[in-house]
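From just these sequences and the hints, can you work out the full model?
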Amino acid sequence: MMRKVHMVLPHILFLVLVILIFMPSLDSVDSYISFLVVAVVIEIAVIAKRKSSVACDIGIILYLFLIIWEYITAKAGVKNTMLYPAPENVFGIFIKDYAKILEGVLSSLKLLFIAFGIAIILGVGLGLFVGLSDRLSGTLLPIVRVISPIPPVIYSPYAVALLPSFRAAAIFVVTLTIFWSMFMSMVLSVREIDKKIMDSARTLNLSKGSMILHVLIPYSLPGIINSISVSVSTSFLVLTAAEMIGATSGLGWYVKYNSDFANFTKVVFGIVMIGVVVTLLNTLVGLLRKLLIRWKV
Amino acid sequence: MEKIVFEDIALDYRERGGTVFNALDGVSFTVNEGEFVSIIGSSGCGKSTILSVLAGLNEPKSGSYRIDGTETRGTGKNRGVVFQHYSLFPWMTIRKNIEFGIKQNFPKQSKKELAEKADLYLKKVGLKGFENRYPSQLSGGMQQRAAIARTLAMETDILLMDEPFGAIDAKNRIILQDLLLDILDTADVKKTIIFVTHDVDEAILMSDRILFMKNKKIEKDINVPFPRPRKRNELLERSGFRQFRQRIVNLFYFDEDEKQDFQEGEGI
Chain A
1 MMRKVHMVLP
11 HILFLVLVIL
21 IFMPSLDSVD
31 SYISFLVVAV
41 VIEIAVIAKR
51 KSSVACDIGI
61 ILYLFLIIWE
71 YITAKAGVKN
81 TMLYPAPENV
91 FGIFIKDYAK
101 ILEGVLSSLK
111 LLFIAFGIAI
121 ILGVGLGLFV
131 GLSDRLSGTL
141 LPIVRVISPI
151 PPVIYSPYAV
161 ALLPSFRAAA
171 IFVVTLTIFW
181 SMFMSMVLSV
191 REIDKKIMDS
201 ARTLNLSKGS
211 MILHVLIPYS
221 LPGIINSISV
231 SVSTSFLVLT
241 AAEMIGATSG
251 LGWYVKYNSD
261 FANFTKVVFG
271 IVMIGVVVTL
281 LNTLVGLLRK
291 LLIRWKV
Chain B
298 MEKIVFEDIA
308 LDYRERGGTV
318 FNALDGVSFT
328 VNEGEFVSII
338 GSSGCGKSTI
348 LSVLAGLNEP
358 KSGSYRIDGT
368 ETRGTGKNRG
378 VVFQHYSLFP
388 WMTIRKNIEF
398 GIKQNFPKQS
408 KKELAEKADL
418 YLKKVGLKGF
428 ENRYPSQLSG
438 GMQQRAAIAR
448 TLAMETDILL
458 MDEPFGAIDA
468 KNRIILQDLL
478 LDILDTADVK
488 KTIIFVTHDV
498 DEAILMSDRI
508 LFMKNKKIEK
518 DINVPFPRPR
528 KRNELLERSG
538 FRQFRQRIVN
548 LFYFDEDEKQ
558 DFQEGEGI
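These protein sequence lines are chains A and B, in that order.
As numbered in my numbering, the first sequence has no gaps in its residue numbers, which increase by one up to the final residue, 297.
As numbered in my numbering, the second sequence has no gaps in its residue numbers, which increase by one up to the final residue, 565.
No lab work stands behind these hints: they were computed from the structure.
One or more hints might be untrue.
[Unchecked claim] With a straight-line cut-off of 27 Å between C-alpha atoms, the simulated BS3-like cross-links for lysine-lysine are:
(1) K421/B x K196/A
(2) K400/B x K196/A
(3) K195/A x K400/B
(4) K468/B x K196/A
(5) K195/A x K374/B
(6) K296/A x K400/B
(7) K196/A x K374/B
(8) K409/B x K208/A
(9) K195/A x K514/B
(10) K196/A x K514/B
(11) K358/B x K196/A
(12) K195/A x K393/B
(13) K196/A x K511/B
(14) K196/A x K393/B
(15) K425/B x K296/A
(16) K196/A x K488/B
(17) K296/A x K420/B
(18) K420/B x K196/A
(19) K358/B x K195/A
(20) K208/A x K405/B
(21) K290/A x K393/B
(22) K421/B x K374/B
(23) K208/A x K358/B
(24) K196/A x K414/B
(25) K374/B x K208/A
(26) K393/B x K208/A
(27) K208/A x K414/B
(28) K408/B x K208/A
(29) K393/B x K296/A
(30) K196/A x K425/B
Following this line, the structure appears as structure tokens:
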């Protein structure tokens, strides 16, 4: 019985939300469409995963949050609608401002992919090189252990002053964020490779190239993907923080720019978009993991 | 013809703390071409170390060894190794593992030849139908079959096996012993095999000669007097089997003084 109520509750809340949306608002509203789309997307997701009670719980929490948000800001009449924007207005920004938003997302993603590209190539390459040499790793690891915990954001003012463009500075800072974890994971994985695997590889008389390509890299791949998945969130954090300093596009810039004009409707929307983009990126990394390390149970 | 000659090999291991301990203390023996020699002894006696020296994974401190009359160091294409723990690469399917092994010894083979050879050995070890699985999707026994197939497929004259069935349950161990005997008996080219085990029955069933190790040295060199090809059940019923087995088991229990009644070559 309890379980039945639990399963039906999100759908009831969905209906409550939809009815609430169509009740007269105190302020003028441009369009309810985006807000409805958001509610319907959540509902579809809950229906698709209806067998999972976790999905129901998440649905309930999301609907309750949206209902309260909608009620307080649009229906009950908060005095300061500038500071507390109603959800239909926040989601409505997408229709009004989609060109700017998409441009911002693309600009942030492009920067992120460049940084990931550089960090992965350098991190894996240098990690292999250093990890394979006792002397190099013995000398460099203590130094790296001092440098790598310094949060790279701290370099951003210096990097902006030092490098020719803001973009270069942002790429540098974000690359550094990803690079250290990639490099460390690669060095440690090469140095602490399973002795059984190493013995087996040595008795096969592998060439150096074969050893790297067919043994060391696949062996390190789970570690590399783990670093990537940890780095996605932190690098986005660094990126948006960097964008708030001096960029002219990107999601961080969008939020900063609009808060300078006290347009908090757009600010809230920018924040929501950052959450959406990070989630999409994490999903992408999850797919990558499934694709590349099928062998791991 | 002498295939492997071990001369006065000594080896020390350095532990992490820096303490050095002796693992082999002047080991000498000879293995003839086509011979199956088992090395037995209690754990820690150095039997696996001999194998790792032969495989080229450990450098001796002093002494030297020759293979086919040539002084040898490091790993080489004339030796194939099977370890106790599944030494397959977990990121390659069973077929890829075997083909990868073949490719190292026969770099010029075409894709088709590779696949055919892999098929042949997959069939020999009874893994047909499992070739596209990853090692983690197979049981320990099946992984060991695959490891044996990979090593056999490299077609080396020398096989070094380090307790290959040591981690496998009793039933599968019997199956794998019989399988290996069968593959070796029916092979076109006689292989020279050094087989490390702590299982006396296994050593008797499989080998032409048994080297008994104690205190980092070879203590006894015993010929196994039973003709080949051997069948497990026939062997167990043979007169003299129990006595011979007891004699070897006793080696583990006698201490220095009591074992005097054993004279060299008495096992025959």
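Verification of the supplied hints:
| no. | hint | verdict |
| --- | --- | --- |
| 1 | K421/B x K196/A | holds (25 Å) |
| 2 | K400/B x K196/A | holds (20 Å) |
| 3 | K195/A x K400/B | holds (22 Å) |
| 4 | K468/B x K196/A | holds (25 Å) |
| 5 | K195/A x K374/B | holds (20 Å) |
| 6 | K296/A x K400/B | holds (24 Å) |
| 7 | K196/A x K374/B | holds (19 Å) |
| 8 | K409/B x K208/A | holds (26 Å) |
| 9 | K195/A x K514/B | holds (26 Å) |
| 10 | K196/A x K514/B | holds (25 Å) |
| 11 | K358/B x K196/A | holds (23 Å) |
| 12 | K195/A x K393/B | holds (21 Å) |
| 13 | K196/A x K511/B | holds (26 Å) |
| 14 | K196/A x K393/B | holds (18 Å) |
| 15 | K425/B x K296/A | holds (22 Å) |
| 16 | K196/A x K488/B | holds (25 Å) |
| 17 | K296/A x K420/B | holds (26 Å) |
| 18 | K420/B x K196/A | holds (26 Å) |
| 19 | K358/B x K195/A | holds (21 Å) |
| 20 | K208/A x K405/B | holds (18 Å) |
| 21 | K290/A x K393/B | holds (19 Å) |
| 22 | K421/B x K374/B | holds (22 Å) |
| 23 | K208/A x K358/B | holds (26 Å) |
| 24 | K196/A x K414/B | holds (25 Å) |
| 25 | K374/B x K208/A | holds (15 Å) |
| 26 | K393/B x K208/A | holds (19 Å) |
| 27 | K208/A x K414/B | holds (25 Å) |
| 28 | K408/B x K208/A | holds (22 Å) |
| 29 | K393/B x K296/A | holds (16 Å) |
| 30 | K196/A x K425/B | holds (26 Å) |
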